[in-house]
Every structure is written in structure tokens, then in C-alpha cells.
Amino acid sequence: MSQLTGNPEPRHHPPEEMLVQHAAGQLDTARRITIEAHLGFCPRCRTAFARWSQPGEALLSAFGTAPSAGPGGTATAELDPAGELGDSWSRLEAGIDALEEEDDRPTFAPPPPLPPGLRGMLPARLYQRRWRRIPFSTARFTIVEHDQESSTTLLMVHIGPDRLFPRHEHLGYEDVVVLEGAFRDQKGLFGQGDFQLNEPGTMHRPEVQPGAPCWILSRYDKGVRFTGFRGWAQRFGS
Amino acid sequence: MLEVGFSTPSATVWPVEKHRKSSAREQLGASRELDTTADPVLLARVAGRDRVAFRVLHRRHAGKVRGYLRRVCRDPEVAEDLLQEVFLGIWRQAGGYCQERGAVGAWIFGIVRNKIFDARRRGKLVLSAMDEAIENVEAPPDSRRDLRLALYQALETLPETQRQAVSMTYIGGFTYDETAARLAVPLGTLKSRLRAGLKHLRDCLGVSPT
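Chains as they are written, first to last, in the working numbering: chain A, 2 to 239; chain B, 116 to 325.
Check before you lean on any hint, since a few could be wrong.
Covered stretches of chain B (in silico footprint by chain A; criterion: 3 or more residues with CB under 8 Å from a CB of chain A, positions within the stretch not fixed) [stated by the list, open to error]:
| id | region |
| --- | --- |
| 1 | 180-190 |
| 2 | 208-215 |
Derived, one-sided and incomplete: chain A residues facing chain B with beta-carbon distance under 10 Å [as the list claims (entries may be wrong)]:
| id | residue |
| --- | --- |
| 3 | His23 |
| 4 | Gly26 |
| 5 | Leu28 |
| 6 | Pro44 |
| 7 | Arg47 |
| 8 | Glu58 |
| 9 | Leu93 |
| 10 | Leu100 |
| 11 | Pro116 |
| 12 | Pro117 |
| 13 | Leu119 |
| 14 | Gly121 |
| 15 | Phe142 |
| 16 | Val145 |
| 17 | Glu150 |
Derived from the structure by calculation, the hints contain no laboratory data.
All values derive from a computational prediction rather than experimental measurement.
Where a beta carbon is used, it is the ideal one built from N, C-alpha and C, also for glycine.
The task is simple: from the sequences and hints, build the whole structure.
Here it is as C-alpha cells:
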């Protein structure tokens with residue numbers, strides 16, 4: 002039982018290699034968000050991640066002096082000889098003033114609980130974006146991020162309690178993090194904070210558990226193919 | 116916004132004056148009182164939108180972040196823009212820090228690395244040559260001299276292949292793909308080298324999560 006949330010701690014975790022990649026700053030925005038969402042719920046992975054990211058403090062301290070302007074120069078950033086940090090602070094305050102308020106909410110349901118700090122990684126006015134329905138399903142989704150270069154997309158998805166998400170096949174990789182509620186598929190039961198990595202070719206039909214809706218973040222790189230009549234409708238509509 | 120009731124970074128969370136923008140003089144005076152406050156406590160106050168605490172955190176870390184960015188980025192103006200992005204990121208994500216995640220400096224470095232990666236992806240950032248970035252470092256003041264020496268020793272004792280991987284990706288800001296291409300090694304090999312190199316650095320520097 003988590004001391005932090007009162008819910009069971011996550012039982013499904015991302016591969017450690019992803020934590021290394023995150024520590025090295027090598028993740029695209031969408032995967033960064035799914036990993037941070039999981040870290041927000043998972044003390045075990047937070048500790049593991051800290052081990053990989055700790056050299057960063059030494060690097061920042063050791064290399065964090067401005068290069069000299071010329072031979073014999075002694076300028077260091079920390080001494081701030083030109084008073085540039087004051088200018089930087091003024092500019093930063095203007096940037097903070099310009100940040101949009103983030104306390105919006107979807108029209109159809111209360112928003113999911115988010116780990117602290119995660120909201121700051123998501124776009125402003127997220128819940129006021131267009132929410133679409135999966136055809137012939139009650140599931141709704143909105144696009145959180147889309148990166149054309151890597152063809153990765155991050156969705157936030159809401160599925161009602163005791164409902165099925167239509168059977169589909171993954172054409173590439175998919176990360177799923179459960180923000181609220183739980184679903185079950187052939188890989189097991191996935192509750193709050195759990196991380197599911199689906200390989201290309203994975204076919205599943207997640208079934209949301211009774212009692213609460215399921216909110217997830219889903220990051221995929223090559224999309225999904227629905228089966229049955231939804232697949233026909235998907236191909237017809239494309 | 117409904118957020119999960121996670122614990123805060125420190126047992127000591129001081130009353131936070133939310134959203135009030137005080138005058139520059141007030142801020143500066145108040146921030147002096149926080150000069151000896153520990154980073155995790157400051158960050159907890161920043162999560163509560165305390166600008167005075169944020170100013171102290173900025174004063175404490177902005178010089179290091181800027182110095183690092185100037186070393187890595189070829190264009191100082193881009194480095195300055197990234198400095199702003201880093202601190203806006205700290206402001207927005209401060210609630211995500213907790214002590215299980217290690218030192219605040221390491222957490223900040225993570226944000227720095229992500230901003231560099233994003234700028235690279237947008238084609239906005241030209242990196243310095245690694246030799247320029249890592250060598251020619253000014254003698255750092257006092258306490259950091261030993262740290263830098265330890266870091267150099269740790270880097271020097273790395274096998275050459277691991278040192279290249281760590282220098283280019285972890286320190287220098289190159290992406291995995293770029294680094295693998297430059298070193299002419301498969302992506303999986305690069306990942307293994309980086310992982311082994313980071314583990315070596317971690318062991319040599321004797322750091323452990325706080």
C-alpha cells in the first residue's frame with residue numbers, strides 16, 4: 002500500500018533501459034510524460050531513476066562555469082560579473098506571468114488525479130481541447146502531444162466503468178500509464194500508476210473494471226488497427 | 116486541478132504566499148532570508164507558487180545552468196533562451212520533485228537535458244565540439260575544484276568506448292541516433308556503453324540518492 006496515495010503501489014513498471022534513457026535526456030516528449038506519470042506513482046522506480054540521474058548534479062556543478070572570454074579571463078557564471086542573472090530573473094518573471102491558468106476540466110467527467118508536477122508537463126487548457134469518441138464505443142480521447150518527426154502521439158483516454166475498449170492491434174510500440182481506475186487484458190490487471198509496454202503486433206481488448214472510470218495516457222508511434230466492423234469503418238474512413 | 120495527495124519533499128513546508136507578486140525590493144529582501152534554506156524546501160515552496168523561494172533557487176542554480184549551457188551550445192543567445200526554458204520548466208514541474216528522486220541539482224540537470232534534446236529535435240541548437248565543451252574549463256571556485264577533479268578522474272578511468280558514449284550523449288547533448296552514427300556503432304551497443312559508463316561514474320563519484 003502506498004504511503005503517498007493510499008492505493009496499491011504499481012506492479013507493472015517500464016524497462017530499466019527507459020529510466021536510463023530518461024536520465025540521459027533521450028526521450029521524446031510523449032514518452033517523457035508517460036515515464037514521469039509512472040514515476041509520480043511509483044516509489045520503487047523513483048529510487049531507481051535517482052541512481053541513474055545522480056551524476057547529473059556533479060556534471061552541472063563541475064562544468065557549470067562559463068567559458069572564459071579570452072586568455073587569462075576569470076569570468077565565472079556564478080560570480081555573475083555583468084549582473085546578467087538579474088536580467089535573466091526579470092525575463093523569467095515575465096515568462097511566469099504569461100503562463101496560462103491550468104485549472105480547467107473536461108465537460109463530461111471530473112479530471113483524473115495527476116501526480117504533482119505532471120500537469121506542468123501537459124499543455125495548457127488540455128481539457129478544453131476536442132474530445133473524440135472511438136467509433137461505436139463510449140471511450141473518449143484527446144490528443145495531448147503529436148510529434149511529426151518521430152510520428153509519436155500521446156493521447157489521454159477516458160473509458161467508463163465496466164466497459165470494453167474495442168479490440169485492436171498495435172502497429173508499433175505503445176506505452177500506457179493508468180492515471181485512475183483499472184483495466185484488465187491478457188497481460189493482467191493494470192491499476193493506478195501501472196505501466197504497460199505493448200510491442201508491435203500486440204492485439205488486446207482492455208476491459209475496464211467496475212466501480213470507476215479508467216483514465217489512461219497512451220503513447221504510440223505507429224497507430225492501431227481495429228478489428229471487426231470497426232476495422233472496416235476505420236479503413237473506409239481513412 | 117485535482118492532484119493526488121503526495122507527500123511534499125520535506126517535512127518542513129512553510130506557509131506559502133500564493134500568487135502575490137511583490138516588488139523587486141521586497142522580493143530581494145525576503146529572498147535573502149531564505150539564502151540558507153535547503154533546496155528541497157525551496158522547491159516545495161516553488162510548487163506552491165512562491166516566487167521569493169523561486170528567486171533564491173534561481174540565484175543558487177542559474178549560474179551553473181547557464182555555464183553548462185554556454186559550454187554545450189555554440190550560440191550564447193540560444194543558451195540564454197534555453198536557460199529561460201529550464202527555469203520555466205522548474206516552475207511548472209516543481210511539484211514533481213521529492214527526495215526519493217535524489218539531489219535537486221540532479222533533478223534540474225534532467226530538465227536541462229530534456230530542453231537540450233527538444234532544441235536539437237527542433238533544429239534550433241548547434242552543439243559545441245565535445246573537446247571544447249569538456250576541456251578548457253576554468254578553474255572552478257573552491258568546493259567545486261575537488262568535484263571536477265573527481266569527475267575528470269572518473270571519466271579518465273572509463274574505457275574509451277564508454278567515455279565517448281557518456282561524453283557525447285550525457286554531457287554533450289547529442290542524441291542516441293547522432294552519437295551512434297558518429298561512432299559507427301549499433302544503437303544497442305551505444306545504449307550498453309552509456310549504461311555501463313553511467314554506472315561507473317556513479318560509483319566513482321560516490322553519489323547515492325539522498
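Evaluation of the provided hints:
{"no.": "1", "hint": "180-190", "verdict": "holds (count 6)"}
{"no.": "2", "hint": "208-215", "verdict": "holds (count 7)"}
{"no.": "3", "hint": "His23", "verdict": "holds (8 Å)"}
{"no.": "4", "hint": "Gly26", "verdict": "holds (3 Å)"}
{"no.": "5", "hint": "Leu28", "verdict": "holds (8 Å)"}
{"no.": "6", "hint": "Pro44", "verdict": "holds (6 Å)"}
{"no.": "7", "hint": "Arg47", "verdict": "holds (4 Å)"}
{"no.": "8", "hint": "Glu58", "verdict": "holds (3 Å)"}
{"no.": "9", "hint": "Leu93", "verdict": "holds (5 Å)"}
{"no.": "10", "hint": "Leu100", "verdict": "holds (7 Å)"}
{"no.": "11", "hint": "Pro116", "verdict": "holds (6 Å)"}
{"no.": "12", "hint": "Pro117", "verdict": "holds (3 Å)"}
{"no.": "13", "hint": "Leu119", "verdict": "holds (6 Å)"}
{"no.": "14", "hint": "Gly121", "verdict": "holds (3 Å)"}
{"no.": "15", "hint": "Phe142", "verdict": "violated (19 Å)"}
{"no.": "16", "hint": "Val145", "verdict": "violated (15 Å)"}
{"no.": "17", "hint": "Glu150", "verdict": "holds (6 Å)"}
In summary, the structure is inconsistent with hints 15 and 16 from the numbered list given earlier, while agreeing with the others.
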